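These protein sequence lines map, in sequence, to chains A and B.
Under numbering that gives the first Met the number 0, the letters of the first sequence match residues 0 to 408, in that order.
Under numbering that gives the first Met the number 0, the letters of the second sequence match residues 0 to 408, in that order.
Keep in mind the hints are simulated off the structure, nothing from the lab.
Bear in mind that the values here come from a model prediction, so they are computed numbers and not experimental data.
One or more of the hints may lead you astray.
Below, simulated BS3-like cross-link-like pairs (lysine-lysine); rule was C-alpha separation at most 30 angstroms, straight line [unchecked claim]:
(1) 133(B) to 133(A)
(2) 194(B) to 132(B)
(3) 385(B) to 133(B)
(4) 163(A) to 194(A)
(5) 161(A) to 132(A)
(6) 132(A) to 132(B)
(7) 35(A) to 321(A)
(8) 321(B) to 35(B)
(9) 132(A) to 35(B)
(10) 35(B) to 161(B)
(11) 132(B) to 161(B)
(12) 133(A) to 132(B)
Protein chains: 2
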Amino acid sequence: MSFDYTPFFRSDLAAPAGRWGGFPAYNFVGGHNDAKSVPVDDLMASAAAVLAREGHALATYGLSSGPQGYRPLREGVAIQLKARAGLACTADDILVTSGSLQALDLINAALIEPGDTVILEEACYSGAMSRLKKCGASYIGAPLDGDGIRIDALTAILEGLKAKGVRPKFIYTIPTVQNPTGSVMPRARREELLKVAAAYGVPIVEDDCYADLIWDGNRPPAIKALPGGGRVIYCGSFSKSIAPALRVGYIVADWPVLSRLLPLKTDGGTGALEQMVLSEYLANGFDGHVTALTRTLQGKCAAMMEAVNQHFGSAAEFTAPKGGIFLWVTLPDAVDTGKLFKAAGAEGVAINPGSEWSADAAGGSHRLRLCFAHPSVDSIREGVAKLAEICHREFGVPVRSANVQRGGS
Amino acid sequence: MSFDYTPFFRSDLAAPAGRWGGFPAYNFVGGHNDAKSVPVDDLMASAAAVLAREGHALATYGLSSGPQGYRPLREGVAIQLKARAGLACTADDILVTSGSLQALDLINAALIEPGDTVILEEACYSGAMSRLKKCGASYIGAPLDGDGIRIDALTAILEGLKAKGVRPKFIYTIPTVQNPTGSVMPRARREELLKVAAAYGVPIVEDDCYADLIWDGNRPPAIKALPGGGRVIYCGSFSKSIAPALRVGYIVADWPVLSRLLPLKTDGGTGALEQMVLSEYLANGFDGHVTALTRTLQGKCAAMMEAVNQHFGSAAEFTAPKGGIFLWVTLPDAVDTGKLFKAAGAEGVAINPGSEWSADAAGGSHRLRLCFAHPSVDSIREGVAKLAEICHREFGVPVRSANVQRGGS
């Protein structure tokens, strides 16, 4: 006999979920990655080695490392951050989190009160915005150019807020392989950003989830690594560089910050087996894996750009990403990608509509985000062709693609 | 250069955490388990088998199973619940969570609004109470006897609330190996509980985390398995039966409930590697492991009861637990276990003070919870002796133990 829970639910809940219907045929959404690139053999070897050595420690919450997370993992992350991001820190400065989503949750829980204002990038990770909304914060999107946040525009925003007596709680940025644009903020811009933040007394949250996946292998130092970086709370993850289904991320911050975040982490610890296996793998194979994965992703990115060019022609504008897993595409104003999302979804082509990735939702409604990491190159070609057909049918755009009159084939 | 975050933190944050100082010499707190019993070899074999077969699925959030969690794990849990708890359900009725703590968080997030009332057990899991407080709910502790919630007392509470126009959001119970008392609610009591809940139109949350660890191996059916069980949201976990550092729990409920919980689970999924390994292990070794673990725990429980009897004598009262990992001890009223917690902690003996495990904090201040699962039998004997010494020094209790005048040895 079923029981009606309806009168007991909170009045402000989101709409109920539908039953999961499996992945779409052409899966260009989310942060899924290349399945063949998952280093399965090395993860097996890492699991065997670390369980043999320390498996019995699973009997205690937090293993033998306390609430900041498995200490060898924190030590390994510190080595990686020094080598890759120029960021000098120790295991004591790191809090392991259950994915970088939990990192954002903890930071928001410590800092955000209803009515607060946050500055983020005009094109921005949707999960960061939805979380801020849930905390009762409002956000302002800072305009971007090919090098990330435009300092002049940011200064104007900060000046405008100051005139109204508002000091934003923080500036949230994804400076290295920005989501969704794929840009990389050069060092000089990072230094300017720190200067402006200092001038207005504003903290920075640096989300570096994608930073390992940069085509040319070189990245500027983390903002947190630069002089004045004490104001930066830094987040990272292994979801993009190893596998998204592994839920291990981390926060790097000074102890006065970590000590306030820790009491908010009431999850009994981040999954220890995943921490142990990742820690072992970090020291045994990770670097070579990242190089190979990045090459694979660059190839898929090229295939995605070629397909969009071929099938959308001049109707689609984008800047070639410098790394990562996404292409951020602008279509003519007439195209409502929210509607395209529905029409394409019904035919097995899944896209992320731009409004969800835009601080100004309406302003992003003719854009879309395409993830090229998970689908095969063939699937990219077929799916983009199908998407162009559907878009043409719904909006008359693209009128024609590079070689074929739309509707003619 | 460090940056002062103080003015940016929320005004209602908990006190900052201290640096972790390692485990105490005599560790009787928390839900840690027996280290030797962690089935390391079988977990290694499970990891190897499941990664070899499905490791590449780690490239997608949710593997190939969608947001409810790894489908083979849900199928395995359904088989276990049928066999152990008489609970008929399918993979579709199960939501895998990041430990049962997340299960409580999701249930509270869906149901609790500030000002709500919840009925729970007078001696109750502290994490359940702290979560309710954080959600702005108040709770009432229903009196317990050796069979769990006293139905007469519960009826009186419900009647009293009804007279004030208050319908509680739910009754939270740990009926099978209650935390902290270790009692098991018999089937007849469960049926009565369901009847009373139906009469007053109140849902039930059944937390069955410890239910596998019952000395005689037999347990009554889950409350959710009984007629009228549709009003029950059921939670379980592998933290107690396999290893607490693995963060995998689950909720069993009808789809109209799960569909409202799912949108609140914004963590990108529960760690997939842990789900995969547990799923594989459930079918290969779990049953034998639980039998062996329970025998080990029963031996440690006997050692703990013997040590408490020896060193505290008639000053300590407790009922022999029917399973689990905890002994719930009542000392004379004069003993403040909050103070004892500090004094003993300073000398390496960690205990859980009773006020944190009592709905009426003041009423629990002369009780304490001792976890016997993690320490060795020797450590139990030494630690309890030391605790009795400290308690005698601080409160003059116990005056003397079974054979020795306090202070004489």
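Which numbered hints are broken by the structure, listed smallest first? 3, 9 and 10
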